[in-house]
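Trainee: Heads up: the sequence lines are chains A and B, in that order. For the first sequence, position 255 matches number 255 in the numbering used here, and the numbering has no gaps at all. For the second sequence, position 308 matches number 308 in the numbering used here, and the numbering has no gaps at all.
FYI, nobody ran anything at the bench for these hints, they're computed from the structure. Each hint can be trusted.
For identical chains, the list gives no copy identity; a pair is met inside one copy or between any two copies.
Below, simulated DSBU-like cross-link-like pairs (lysine-lysine); rule was C-alpha separation at most 35 angstroms, straight line:
1) 146 / 13
2) 96 / 13
3) 43 / 96
4) 49 / 146
5) 146 / 43
6) 40 / 314
Every value quoted in this text rests on a predicted model; they were computed, and no experiment measured them.
There are 2 protein chains.
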Amino acid sequence: MPPTTTRNTPVIKDVARLAGVSVPTVSRYLNGTARVSDDKREKIAQAIKLLGYQPSFVARALANKVMDSVTMLTSLSTFWATTQINSGVESAARDKGFLFGVTSLDGISDSELESTVGRVMSANPAGVIVSESDEIAIQAMRLIPKDVPMVLVGGSRGDAPYQVMPSERAGGRCVTEHLLGLGHQNVVHVHRAEGPNNNTRTLGWRDAMAAAGLPANRSYQISEHLEDSRELGRRLAHDPSVTALFAGNDETAIALIRGLRDEGKRVPQDVSVAGYNDQLFSMIWEPALTTYSQNFVELGRAAFDMLYAQIEAKRAGQMAPEPQCRIIEGELIVRESTAAPRD
Amino acid sequence: MPPTTTRNTPVIKDVARLAGVSVPTVSRYLNGTARVSDDKREKIAQAIKLLGYQPSFVARALANKVMDSVTMLTSLSTFWATTQINSGVESAARDKGFLFGVTSLDGISDSELESTVGRVMSANPAGVIVSESDEIAIQAMRLIPKDVPMVLVGGSRGDAPYQVMPSERAGGRCVTEHLLGLGHQNVVHVHRAEGPNNNTRTLGWRDAMAAAGLPANRSYQISEHLEDSRELGRRLAHDPSVTALFAGNDETAIALIRGLRDEGKRVPQDVSVAGYNDQLFSMIWEPALTTYSQNFVELGRAAFDMLYAQIEAKRAGQMAPEPQCRIIEGELIVRESTAAPRD
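Chain A extracted, bound-state conformation:
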C-alpha cells in the first residue's frame, strides 16, 4: 500500500479551485504580466488569504528565463540630484514591470571597476543606465557589452548613442545672465568638482561671462562640507568687489549666505547669491533662494523610456532605434536672494 501523503501546504491549484478560475489565471494574477479582471482579482485574493497560500517564487524563478531588470550605474549616489534621477528611473521601470537595481561606483578604484561591471552584467539585465558624474562612470560605460541596451544620463553630447541630458550648461548661463542683467559687473562662481564633460554649470557661467565681454576669472572649487562654503562666504564678505555669487548648488548657496551674514553682509542688499537645483528648502530659506530648477525625476523617466525602446526593438528582432540625444530643460526661479547692486 503506498504511503498516504498529507498535503498541508496549499498549491496554486487549490487557489484556482476555490476562486473558481483557471490555474493560468491565478498565475497571471501572481506574475502581474497580464490583465486579470477586477472581479477575478478579488476572488483570487480572497482565496489566497483563506488558504494562506504562499507562491513558490523561487521555483518560478528557475523556470523563468527572462529576468526583466534594469540596472543603474551611478556615482555621487547620495547627492540629491542622483537620488531624484534614480527615483524617476525606478518608477518608470516599475510601470513597465521591470525590477530596478542600483550599483554605486563611489570610491571604487580603476582595478575594481571591471569586476564591478562584470557582476552587474552577470545578472543579465535587460538594459543599463549609466549616470555620468565623473570619469569612473565613463569608463564603466565602455565596459558594457555593445549588445546590451544602454542609455547615458549626462555626459558630453555624443558620448553615447543614446543619451538624456539635463540643460546644465544652459542653466549655468541662465543664472549668470540673470545676475549680470541686474547690473552686477562681475559674477563669482563657487562650485563642487564637476564631471569631465562639456555640459557643466561652470561652463555655462563661462559662456555668459564671455558673451558679456567679461573675464571669467573668479571661481572657487569647494568640498561638499558646508562649513568650507560658509568659511569662503566669510572671506568674500571682506572683498567689496564681490557683489554677486553663483553657487553650483543650493546647499553651497545657503552656506555662502550664512558666511556673508556672519561678517555683517546682507543678502541681497549687499551681495546677491543664486543657487542651483531648487531643492525643497530653497523656497523656505531666508531670503528665499533664486535658483535653477531641473526636473531630475523627469530626466530619470526619460532615460528609462529611451532604454525601453531599445529593449523592445531587441526583443522583437527589429533594428535598434535611431541614436538620439534628448535634452530636458529646466527653468530659472527668481526669488529673494538676488537684486540689483547698490550703486
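Dock chain B against chain A, hints included.
Mentor: Below, chain B alone, put in the same frame as chain A:
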C-alpha cells in the same frame, strides 16, 4: 582542407598568454571573487587594454548559477533618511561582492503588492531587506518566503526575527526632554505621517510629556509640502502659549521658523524650535538648528551585516543565527534654535 578561421576577437586565453598568467587567474581577476596579487593585476590590466579584450559577461552569467544580489524593498524612497539607509546597505553589500537592487513600494496598491514582491523574488536574491515606513512594507515582508534571508529595518520590536532599528522613540523623547529641561511648560509637536509601529518620534514626544506629568495634547500632522508648515508657523505665531516646537524633521523645522518670522517672532528668543535628522543644512540654517542626529548610513550597513550572517549560515548548511534586534543610537545636537523661555 579545413577552412581557415580568422579570429579577430581576443579571448581570455589571449589575455592569459600575454599577461603570463593562467586562465583561472584572469578569471579570478575579472570576477573579483578572490585575491589576485597587485603584480599580476597590473599585467592582466595591461594585457586587457592592449588586446581590447571584452569579457563575455552574458556567457558567464549563464554558467553562473548563484547570483549574489540583495534587494531592498522600501517606501518613501526619495525621503532623505531612506536614501541614506539605501546608501549604507549598498556600500556594505558591495564590500562583500553583492549586487544591490532597490524596489520602491511607493504608490502601489494592495493588489499590485503580491506581483511586485513576486517579481523581486523571481530574480532569486540571496537576501532581502525591508525598510518599514508604512503598512505596505509590513505586508510586503509577510510575502517573502520563509527560507529567504530577511532583515527588517525599523518597525515595532518583534515585527521580524532579524531587525535593525533606529532609536526613533528614544530620540523623540530626548528632544522633548531637552525643551522641557529649558523650562518650557508645553512642547507642541509637528510631524508628517508616521509608520504604524511603536518606535516613532511622536511616541517619544508622548513619553516625555507623560513622564513630566504634562498632557500631550497639541500636535499637528502636516504634509511634506513645506509651504504648509510655513503657514502653520504663521498661525502658531499668534498663540502666546506656544513657546517650544518639536518638528519631526529638519525641513519642517526650518519651514516653521520661516512662518514664525513672517509674523515677527524671533527664534529662539520668542519660540524655540527643534528638528530631527541633522540634515546637512541644519548646521548652516540661521539660527543653527537643534536636532537629533541618527546615523542612517550606519543603520543600513548594520542591516546588511545581519543579512549577510544569515546568508553565510544558509550557504554553509548551518543553523540560522539567533533572532536578534539591534538598535542604532543617535544623539541630540544642541545648537542655536532652542533656549529658555523669556519668563
